Amino acid sequence: MLPTPMAPALRVASLFSAVTSAMQPARFPLAIFAVVLLSALVPLVDLAGGTKFGPRGFSGGALTESEQALDEHRARSAARRFAGPELAAIEGESAGADEAADGERTEASLAQLSSAVREAAARRIAEIEEATKDSPSDFRESEIRRIRQSAATAMRQIEEAGPRGVATVFVENQRLAITRIKTALFALDPEGFLTGILSAVFTVPAAAIRAEPLAFPLALLVLICAISFCSGGLSRMAAVHAGRGGRLSVLEGSGFARARILNLVALPVLPLALFALFAAVILAFVLLLQIPVLNLVSGILFVIPLAVALLGAVLARVALVAAPLMTAAVAVEDCDAGDSITRSCALVLSRPLLWLCVLAIAIVALVIGTILATGVLTLASNAIAGMLAFAGGDAGAVIASGDAAMIATLSGPDRLVALFVGFWMGLLEAIGAAYAFSLSVDLATRGYLLMRARIDGESPSTVAGYGIG
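With the first letter of the sequence shown counted as 1, position 27 gets the number 27 in the numbering used here; the numbers rise by one all the way through.
Since the hints were made in silico from the structure, they are not lab data. Predicted, not measured: the structure shown is a model, and the values here were computed from it. By construction, the Cβ of each residue, glycine as well, lies at the ideal position given by its N, Cα and C atoms. Hints should not be assumed to be uniformly reliable.
[Unchecked claim] Listed next, with one range per pair, are the computed distances between beta-carbon atoms: (1) Val36 / Ser350: 47 to 57 angstroms; (2) Val417 / Arg146: 18 to 28 angstroms; (3) Gly246 / Gly426: 28 to 38 angstroms; (4) Ala279 / Ser401: 46 to 56 angstroms; (5) Ser350 / Gln68: 46 to 56 angstroms; (6) Gln68 / Thr378: 32 to 42 angstroms; (7) Trp424 / Leu176: 51 to 61 angstroms; (8) Ala464 / Leu310: 32 to 42 angstroms; (9) Ala380 / Ser249: 44 to 54 angstroms; (10) Leu315 / Ala206: 34 to 44 angstroms; (11) Gly375 / Ser350: 37 to 47 angstroms; (12) Pro29 / Glu65: 42 to 52 angstroms; (13) Gly426 / Asp336: 49 to 59 angstroms.
Produce the complete structure using the sequences and hints provided.
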């Protein structure tokens, strides 16, 4: 054990060294799994939930049938302005297939509108290429660019008309909240920083739960449990590296998490079950107020739900602040879920100001590390985009623009190429998100080791067991 607490400079250096240690390739499979799981759950939750939203998201409320019909009418008008003949042909074919009475035309779906705009763009570009084959290339390219921009305008209107599911809106709002947090942090705007934190942790999830009180909470619980499992493996790898100077393979890290899966999954479940019990007690007293005679008893004993609510609020605040330490406690101490929760909360309650300082430094390190990693990935993607724009022809220039509406105007083999290139470019974004996740787990683990060394005097090298044993 260390005879004296770790020096403050050493604590800061230990946290910032996580910026590079989180880049270990062995950690990325678990981190990418968490990112891919999130991407896979989004369309499933959207499909399970029946509530749809417009471009304004939760702030605009759920879409009504009249609002959705109006948006589709606007999209249809935009498509008709650019691709009138193609849209008329599609609607005529749909009417013939459905055997519509009296020659009535069925209205095209949003997917058919996109197809009509894409066909019209391909036809016009082919006509321009044929008509200007003897003209200067600059003139031909400018004409093609003008056609694609007009098609992209129609595509954007069609995309905006598409209803969004609760999970899609949730992810979009979380991205906006994270951007707000990073901006406020570098602008030294504490009010904006706290607003972003509250939005990401409370406001956005609460709005999503109100919109879908069944499908979204279940999916969120599954996601949190999966993230806790991945965090367990990553935290074990980080603990062995930070405390013992060793490295674990992805099989050893995932093996540790797999052997403790019940404890890791129970970490988010146990606090939620406790808060659900508190909520049930409060709800029972509230319901009793509607029953004659019992409402009097409930009114007399209403101090009980008040005390339960106060206790729940205190425990929720402590559990939220101590949440980053819980998975680290399982990884370092090899304890069960209950012991991990109590250990983490005890460390926070013992030295709350110390933990807040460690947490603040960890957030700064997380933002700096994420920006550095994102900068490297952005440089790589920009280099690829530059080569595509320079030597990739018309399709390469469109793909290099990164404009989803412009890319949607591609047709034929170019569209297939754009799908493959988009997949590989999206992989860079997934790697950036995986690094941010790995870094956050590494920082939480180092924070636990530092708090334990400061409060209990235990050396970071005292990690329970070694490897996956």
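Here is what the structure says about each hint:
1. Val36 / Ser350: 47 to 57 angstroms: With a Cβ separation near 38 angstroms, Val36 and Ser350 fall outside 47 to 57 angstroms, so the hint is violated.
2. Val417 / Arg146: 18 to 28 angstroms: holds, 23 angstroms
3. Gly246 / Gly426: 28 to 38 angstroms: holds, 34 angstroms
4. Ala279 / Ser401: 46 to 56 angstroms: holds, 50 angstroms
5. Ser350 / Gln68: 46 to 56 angstroms: holds, 54 angstroms
6. Gln68 / Thr378: 32 to 42 angstroms: Holds - the Cβ-Cβ distance for Gln68 and Thr378, about 36 angstroms, lies within 32 to 42 angstroms.
7. Trp424 / Leu176: 51 to 61 angstroms: Roughly 26 angstroms apart at Cβ, these two residues miss the hinted range, so it is violated.
8. Ala464 / Leu310: 32 to 42 angstroms: holds, 36 angstroms
9. Ala380 / Ser249: 44 to 54 angstroms: The hint (44 to 54 angstroms, Cβ to Cβ) is violated, given that Ala380 and Ser249 are roughly 26 angstroms apart.
10. Leu315 / Ala206: 34 to 44 angstroms: violated, 18 angstroms
11. Gly375 / Ser350: 37 to 47 angstroms: holds, 38 angstroms
12. Pro29 / Glu65: 42 to 52 angstroms: Since Pro29 and Glu65 have Cβ atoms about 45 angstroms apart, the given range 42 to 52 angstroms holds.
13. Gly426 / Asp336: 49 to 59 angstroms: This hint is violated: roughly 39 angstroms between Cβ atoms.
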